[in-house]
Amino acid sequence: MTVRDQQKEEKEWTCARCGIDLELAKVQITYVGCGFTIDVLRCPQCHLVLVTEDLAVGKLAEAEKVLEDK
Amino acid sequence: MLDDCIFTKEPETIGVAPSSLARPGGLYITNRAVEFCGFTAGDRVADIGCGSCGTLEYLLTTYGICGFGLDPAPMILAVGAQGMQRPSVVRGIAEALPFKNSLLDGLFCECVLSLVDDLDAALQEFSRVLKKGGHLIISDLYYRTSTDGSRLDRPYGQSNIQPAISKRRMKGLLEAHGFNSLLWEDHTRALKELVVQLIFAGQSPEDFWKQSCRDCAPSPPGRSIISAKPGYCLVIARCHTS
Numbered sequence: 001m002t003v004r005d006q007q008k009e010e011k012e013w014t015c016a017r018c019g020i021d022l023e024l025a026k027v028q029i030t031y032v033g034c035g036f037t038i039d040v041l042r043c044p045q046c047h048l049v050l051v052t053e054d055l056a057v058g059k060l061a062e063a064e065k066v067l068e069d070k
Numbered sequence: 071m072l073d074d075c076i077f078t079k080e081p082e083t084i085g086v087a088p089s090s091l092a093r094p095g096g097l098y099i100t101n102r103a104v105e106f107c108g109f110t111a112g113d114r115v116a117d118i119g120c121g122s123c124g125t126l127e128y129l130l131t132t133y134g135i136c137g138f139g140l141d142p143a144p145m146i147l148a149v150g151a152q153g154m155q156r157p158s159v160v161r162g163i164a165e166a167l168p169f170k171n172s173l174l175d176g177l178f179c180e181c182v183l184s185l186v187d188d189l190d191a192a193l194q195e196f197s198r199v200l201k202k203g204g205h206l207i208i209s210d211l212y213y214r215t216s217t218d219g220s221r222l223d224r225p226y227g228q229s230n231i232q233p234a235i236s237k238r239r240m241k242g243l244l245e246a247h248g249f250n251s252l253l254w255e256d257h258t259r260a261l262k263e264l265v266v267q268l269i270f271a272g273q274s275p276e277d278f279w280k281q282s283c284r285d286c287a288p289s290p291p292g293r294s295i296i297s298a299k300p301g302y303c304l305v306i307a308r309c310h311t312s
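Residue numbers (the numbering used here), protein chains in the order written: chain A, 1 to 70; chain B, 71 to 312.
Just so you know, these hints were derived from the structure itself, not from any lab. Backbone N, C-alpha and C fix where the C-beta goes; we use that ideal spot for every residue, glycine too. Hints may contain errors.
Said to hold, decoys possible - Incomplete in silico selection of chain A near chain B, CB under 7 Å:
1. Cys34
2. Phe36
3. Ala63
4. Leu67
The whole structure should be built from the sequences, with the hints applied where relevant.
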C-alpha cells in the first residue's frame, strides 16, 4: 500500500461509536507472548482499532505463521 | 601503522561507522554476554564480522571496552567524536584472523558463524587468538529439529551459505577445538520478533536474511532458513588452550 493509498483509506473510515474519522496510529499488540508495534487505523477517542481484511490475511497471517512455527 | 603487539601483518584499517543493528535480540544478547563473561575496560576483545560496528560502539560507550573489529566487507565508516578512543576495524575473515596468538580476552561472533565457509578453520583461529580462559561468544541460528549434527540442505545449489548447525554439533565442534561450553541459551523468541517486525515494516523475511549476510553472501539463503524453522541461540565457551 502506498502512502497515498493509506491516506485515502484513513479518510474512508469513521468510528461507528464516536463518529470520528480513524487515524493511522502505532499500536502495541501481543501474540503468543511476543510483542510488536504496528501501524493501524484507530479511533483517536475510544482507541478502537480497525483490522482490515488486507491486514488480517496479509501481514498478520504471515506473522502468525512465523510465531506458531507453521 | 602496524601494531606488532596485536596484528600478525599490516591490517587494512577501515574506520568506525555509526551502527545499524538488525539482528535477533539486538544489543540485549550482547549485554547478556558481556555481563556473563565479566568483561571490563582494558580487556582485549574482538568482534568477528563486525559489519557496521554496532557491537563495538556499544562496548565502548557502555563498558569502556575498546575492541577490534574484523569483517570481510566492512562499511566505510564515519568517525566518532574527535579525541575519543576508537575501535580498530580491519578487513579479514574468521578463518584467517590477523591477530597474534593468545592475545584476546574475548571474541564476539554474532550472527556470523552461520556464514563462515570453514567452521573448523574458524574455530581453530578463535582458539589460537584467545588467551587461556578467554571467552568465545557465539549468537547465531541453530537447527532446532536436528540431533544428528547435519547441516541444512542447500536448495540454492552453488550457495556457500551454511545456514545453521544443531546444538549437538556446535558443542562437539567447540570441544574439538579446545573450548568448554559454559552457557547455551535459546533466544528463538527474539528471532521471531525480529522477523515479524520486518513483516509489518513491509520487508520479507528473505530480504532480512540477505541483509544479515551484509551483501557478502553469494546468494540469498532466506527461503532455506525460514522453511527449516531455525532457532537462535547464545553460546558462551571458555578457551582452555593457549
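Hints and how they fare:
Taking 7 Å as the C-beta cut-off, the interface hint given for Cys34 (chain A) holds, the closest approach to chain B being about 5 Å. Interface hint status for Phe36 (chain A): upheld, as the beta-carbon distance to the closest one in chain B is roughly 6 Å, under 7 Å. Taken as an interface hint, Ala63 (chain A) checks out: its beta carbon lies about 4 Å from the nearest beta carbon of chain B, inside 7 Å. Below 7 Å, beta-carbon pairs count as interface contacts, and Leu67 (chain A) has one with chain B at about 6 Å; its hint therefore holds.
Of the numbered hints given earlier, the model fails none.
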